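The residues making up each chain are set out below.
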Amino acid sequence: MTDPQPKSTEKRASFEREAVPHMDALYRTALRMTKQENDAEDLVQETMVKAYRFWDKFEPGSNCRAWLFKIMTNIFINDYRSKSRTPASVDVDDIDENYLYGQLAAQSEDDNPEQRLFAKIFDEDVRKAIEELPDDFRLVVVLSFLEGFAYQEIAEILDLQLGTVKSRLHRGRKLLQKRLWDYAVRNGFAKEQSS
Amino acid sequence: MNCQEALNLLYEIIDKEASDIDAAQVREHLGNCRHCFEVYRLESAVNDLLTEKVKAAASPRSLDGVEAIRGKLLAQLDQIDTETRREPAPTNRKPFGNIAMTLGIAASLIVILGAAFVGRDLIRHREVFMPLEQAHWRVENNVEIPSDHSLTAERIRALADSIHLSLAQQVGEFTLVSGHVEELLGVRMGHFVYENEKQMISVFAAPAAQFNIPDDVRDNVVSSDGVQYFSHNCRGCRLLFVRDGEWVLVAATTDKNLDMTTFLRHHRVA
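Protein sequences, first through last, are from chains A and B. Mapping of the first sequence onto this note's numbering: position 187 corresponds to residue 187, and the numbering continues sequentially without gaps. For any residue, its number in this note's numbering is found by taking its place in the second sequence, counting from 1, and adding 195.
By construction, these hints were calculated from the structure, which means they are not laboratory data. In this text the structure is predicted, and so the values were computed from the model without any measurement. Where hints are given, some of them may not hold.
Cross-link-like lysine-lysine pairs, in silico, DSS-like; alpha carbons within 30 angstroms at most [to be verified]: (1) Lys-451/B - Lys-57/A; (2) Lys-393/B - Lys-128/A; (3) Lys-70/A - Lys-393/B; (4) Lys-178/A - Lys-211/B; (5) Lys-35/A - Lys-128/A; (6) Lys-267/B - Lys-70/A; (7) Lys-267/B - Lys-35/A; (8) Lys-128/A - Lys-70/A; (9) Lys-50/A - Lys-267/B.
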């Protein structure tokens, strides 16, 4: 004769059915956000506990994955961002729009220069390149490339205007391309063309 | 569409976010412009490779991390569930480490509560209200359900008809889910249960010839649409009584905010 038990077990069951399966994806993204396994584990744990406490606020049938990512990015921005080191300011405006195209087009006679280039780049180098992106760009790039969220979903998750999402994603891409290209040049996979 | 316009839409096309009209115009432009076509080809190839690389780079070397959190998380959810269940009973919390002190306080609380209830009230509560509350709790907690608990909708209706009671199948978001006859307070009464996704409400129907609204609630009048209802609230449950022709109807719930008059209003005897 205590509390209505069915309510809490029903809540628990629907949470385990709808929210818990997204933990792998949350962890994958948390790793790219925090750059540390311990921090990523804590971040996902906090996210899921908070989601459970607010589970009655989640509208059944709406996008649970986006809802969870929104909770996680909020916790990350408020509590973790200061902990993670961001490289000294990057001058994002300094990137030439068609830099990679210019370089690759001048590269060689063969049809798919980009494939030759990427074949030599290790996953580990891509991971580093993502982690070196400034936080604002990294969040958008990870949500788009890794999780496949649409622009509008990213805007809602991060509380940004649609236009801001587009421009950050655009800049983030260019930064990523530039870093990987520089990496290729440094390691002798590609030669810098003076334009 | 000129080159600049086509290149501005580059990533929206690659990300499949462009409108159909834009996409069609870009396609047309690319058919006529070698340079833009090359840029698109290269960028989308780079994009595919990058996506592939990003995903490969992101798959954790082992999923041990996730497995570890999953275990920890489920334990933590258990704890939250227990806390939630305990909330209505503040005596379960232990604000003091000292057990003797806690017991002392509990004992004095019982004395104070006992004094406040002043003998007669406590006995009345046990005799008059508790059986109804317990009948509702049994349904809510899914224990000791009478054998004919799970009736089909038609049989619930037939049961209501047999005691000349008009029952709404639906009250707001609540649906009539079960009904049975139960002996409570020495009277055989109909016990009907409505539920929505979160809450449950019992409606008892007792013949007025055998069951009176208890005197104890005469002063707690709730008027709605010119009808007088009588309420009894205690720690764990709320009861609402109404006399309706040959019947006394009682609604019971554990929810603090539910407006029970809507239920009794919809159940007026035909």
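Now the hints, each set against the structure:
1. Lys-451/B - Lys-57/A: 19 angstroms, holds
2. Lys-393/B - Lys-128/A: 47 angstroms, violated
3. Lys-70/A - Lys-393/B: Distance ~25 angstroms between Lys-70/A and Lys-393/B Cα, so the pair holds.
4. Lys-178/A - Lys-211/B: Between Lys-178/A and Lys-211/B the Cα gap is close to 23 angstroms, so the pair holds against 30 angstroms.
5. Lys-35/A - Lys-128/A: 9 angstroms, holds
6. Lys-267/B - Lys-70/A: 22 angstroms, holds
7. Lys-267/B - Lys-35/A: Status holds; Cα separation ~21 angstroms.
8. Lys-128/A - Lys-70/A: Satisfied, since the Cα-Cα distance of roughly 24 angstroms is no more than 30 angstroms.
9. Lys-50/A - Lys-267/B: 14 angstroms, holds
In terms of the numbered hints stated before, the structure departs from hint 2 and from no other.
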